[in-house]
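Enquirer: Residue numbers (the working numbering), protein chains in the order written: chain A, 7 to 121; chain B, 502 to 613.
It is possible that part of the hints are untrue.
[Claimed, not checked] Calculated pairs, DSBU-like style, for lysine-lysine (alpha carbon to alpha carbon, straight line, at most 35 Å):
1. A:Lys77 - A:Lys108
2. A:Lys67 - B:Lys515
3. A:Lys77 - B:Lys558
4. A:Lys108 - B:Lys558
5. A:Lys118 - B:Lys571
6. A:Lys108 - B:Lys572
7. A:Lys55 - A:Lys108
8. B:Lys510 - A:Lys118
9. B:Lys515 - B:Lys558
10. B:Lys584 - A:Lys64
11. B:Lys558 - A:Lys55
12. B:Lys584 - A:Lys75
13. B:Lys584 - A:Lys108
14. A:Lys55 - B:Lys510
15. A:Lys55 - B:Lys515
16. A:Lys108 - B:Lys510
17. B:Lys510 - A:Lys67
18. A:Lys64 - B:Lys558
19. A:Lys108 - A:Lys67
20. B:Lys558 - B:Lys584
21. B:Lys510 - A:Lys64
22. A:Lys55 - B:Lys572
23. A:Lys75 - A:Lys55
24. A:Lys118 - A:Lys77
25. A:Lys108 - B:Lys515
26. A:Lys77 - A:Lys67
27. B:Lys572 - A:Lys118
28. B:Lys510 - B:Lys571
Please keep in mind that the hints were generated in silico from the structure rather than gathered at the bench.
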Amino acid sequence: AQSVSQHNHHVILSEAASLELGCNYSYGGTVNLFWYVQYPGQHLQLLLKYFSGDPLVKGIKGFEAEFIKSKFSFNLRKPSVQWSDTAEYFCAVNILTGGGNKLTFGTGTQLKVEL
Amino acid sequence: DGGITQSPKYLFRKEGQNVTLSCEQNLNHDAMYWYRQDPGQGLRLIYYSQIVNDFQKGDIAEGYSVSREKKESFPLTVTSAQKNPTAFYLCASSPDRINEQFFGPGTRLTVL
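Throw the hints in and build the complete structure from the sequences for me.
Expert: Set out below in structure tokens:
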């Protein structure tokens with residue numbers, strides 16, 4: 007069965023530090039890739055997505071992610087985090103098959119940014 | 502405002518009782534989904550519906566039931582057969598099976 011792995015469960019950074027959150031998936035076919043964020047007390051919302059084309063995608067609030075097909079990875083990055091980036095981040099992979107599709111989420115990474 | 506509404510925000514029930522969680526969307530999306538979120542486990546798919554009057558089981562459908570009689574509504578019933586029903590439940594919708602999903606604010610269910 008396909009799976010999505012987020013290796014960092016809890017990350018603590020100081021403001022202005024750089025961020026990279028890992029995401030790997032196990033499926034060799036066509037996929038669409040997403041990063042979602044859940045700020046405290048708020049809805050889960052889309053940060054960015056990759057369907058095709060340039061493997062480096064930019065999202066909201068200065069986030070970006072790079073799709074590396076050979077490594078089955080879609081890591082999330084931000085050069086300089088802010089206190090307001092404190093949230094839980096979820097990677098999700100939509101596996102596209104002829105019979106349907108399925109969006110599978112990783113277990114999430116809780117990011118805490120300290121002042 | 503277009504979006505997804507879930508009610509109530511908090512719900513308490515006694516063990517052995519069925520409970521229905523509401524999900525309504527005014528985005529004119531065809532597909533709707535129910536997830537369960539538990540700490541450290543991410544989101545797990547309970548049921549989904551690609552079109553009115555049709556729905557499919559997700560990864561953890563046991564103890565749950567749904568209906569999709571209207572495009573904008575996708576209620577979830579947590580039955581007494583669900584062994585561990587206390588959780589945060591999220592409803593989502595998407596225009597089709599490929600594009601991103603939009604999420605509601607969630608319902609936190611506590612079974613006492």
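Enquirer: Against this structure, judge whether each hint is valid.
Expert: Evaluation of the provided hints:
1. A:Lys77 - A:Lys108: 21 Å, holds
2. A:Lys67 - B:Lys515: With a Cα-Cα distance of about 42 Å, the restraint between Lys67 of chain A and Lys515 of chain B is violated, given a limit of 35 Å.
3. A:Lys77 - B:Lys558: With a Cα-Cα distance of about 31 Å, the restraint between Lys77 of chain A and Lys558 of chain B holds, given a limit of 35 Å.
4. A:Lys108 - B:Lys558: With a Cα-Cα distance of about 11 Å, the restraint between Lys108 of chain A and Lys558 of chain B holds, given a limit of 35 Å.
5. A:Lys118 - B:Lys571: It is violated: about 41 Å lies between the C-alpha atoms, which goes past 35 Å.
6. A:Lys108 - B:Lys572: 20 Å, holds
7. A:Lys55 - A:Lys108: Holds, at roughly 15 Å.
8. B:Lys510 - A:Lys118: With a Cα-Cα distance of about 25 Å, the restraint between Lys510 of chain B and Lys118 of chain A holds, given a limit of 35 Å.
9. B:Lys515 - B:Lys558: 26 Å, holds
10. B:Lys584 - A:Lys64: 42 Å, violated
11. B:Lys558 - A:Lys55: At roughly 26 Å apart (the allowed maximum being 35 Å), Lys55 of chain A and Lys558 of chain B satisfy the hint.
12. B:Lys584 - A:Lys75: At roughly 39 Å apart (the allowed maximum being 35 Å), Lys75 of chain A and Lys584 of chain B break the hint.
13. B:Lys584 - A:Lys108: 25 Å, holds
14. A:Lys55 - B:Lys510: 28 Å, holds
15. A:Lys55 - B:Lys515: 41 Å, violated
16. A:Lys108 - B:Lys510: Given that 35 Å is the threshold and the Cα spacing comes to 27 Å, the pair holds.
17. B:Lys510 - A:Lys67: 28 Å, holds
18. A:Lys64 - B:Lys558: Holds - the C-alpha atoms of Lys558 of chain B and Lys64 of chain A are around 34 Å apart, at most 35 Å.
19. A:Lys108 - A:Lys67: 27 Å, holds
20. B:Lys558 - B:Lys584: 17 Å, holds
21. B:Lys510 - A:Lys64: Cα-Cα ~33 Å, so holds.
22. A:Lys55 - B:Lys572: Answer holds: Lys55 of chain A to Lys572 of chain B is near 26 Å, not above 35 Å.
23. A:Lys75 - A:Lys55: Since the Cα atoms of Lys75 of chain A and Lys55 of chain A sit roughly 15 Å apart, the hinted pair holds (cutoff 35 Å).
24. A:Lys118 - A:Lys77: Holds, at roughly 27 Å.
25. A:Lys108 - B:Lys515: 33 Å, holds
26. A:Lys77 - A:Lys67: 26 Å, holds
27. B:Lys572 - A:Lys118: 39 Å, violated
28. B:Lys510 - B:Lys571: 22 Å, holds
In this structure, the earlier hints numbered 2, 5, 10, 12, 15 and 27 are contradicted, and the remaining ones agree with it.
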